[in-house]
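Undergrad: With the hints as extra help, turn the sequences into a complete structure.
Note that the protein sequences, when read in sequence, are chains A and B.
Using the working numbering, read the first sequence as starting at 1 and increasing by one per residue.
Using the working numbering, read the second sequence as starting at 1 and increasing by one per residue.
Just so you know, these hints were derived from the structure itself, not from any lab.
Take the hints with a grain of salt, since some may be wrong.
As the list claims (entries may be wrong) - The list that follows gives simulated cross-link-like pairs (lysine-lysine, DSS-like), each with its CA atoms no further than 25 Å apart:
hint	chain 1	residue 1	chain 2	residue 2
1	A	K41	B	K102
2	B	K79	A	K41
3	B	K42	B	K68
4	B	K57	A	K14
5	A	K41	B	K42
6	B	K102	B	K63
7	B	K42	A	K20
What you are looking at is a predicted structure, and each value in this text was computed from that prediction instead of being measured.
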Amino acid sequence: GAVVSQHPSWVICKSGTSVKIECRSLDFQATTMFWYRQFPKQSLMLMATSNEGSKATYEQGVEKDKFLINHASLTLSTLTVTSAHPEDSSFYICSATASVGLFFGSGTQLSVL
Amino acid sequence: EDQVTQSPEALRLQEGESSSLNCSYTVSGLRGLFWYRQDPGKGPEFLFTLYSAGEEKEKERLKATLTKKESFLHITAPKPEDSATYLCAVQAGGNTPLVFGKGTRLSVIA
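TA: Spelled out as structure tokens, the structure:
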């Protein structure tokens, strides 16, 4: 199947700092990528849809100025959590659509102290 | 509004004890129904996509079926390594994002 690489796998940061998460499609091009957030024992909640070369589309309740998404190429989307706070601690997962289905990265566990 | 409901929330099986997980859905124009496996601390791993009622797909001990209102994931003679959370999701159309259920946490005891 298609491979989506997400980096880093985990990150610990201090409150007020910014964290960047990268999502790459390794063997296919993805014009659209999706960013999800998952709390413990909960399902995936869509945060935003990332479109190559244009602005991301955010779900209701997701602050676009806090969660900056950049999709500069057909194989890379980044999510930057700006001025992170402890309540932003969560598991962040990206996904991309290939011809045979939707594939997910391995996720990034963010812990904000 | 598109909705996905999975049951049970948690399931505990003895090794070799077959069972089924349920995924009920309401969606305006189903493009596809997806099953994923998720291990703790990892992203979902793609298992199956089903597109139309009556369709069935198999992979090792897993078999997924689809009707107009629900999908079942049948697990035959499960092994401890099948323990994971199984997620069901639907896609309404085009390149739209998936809507996920809350998952079923499966534990298979040796």
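Undergrad: Which of the listed hints are broken here?
TA: 3, 4
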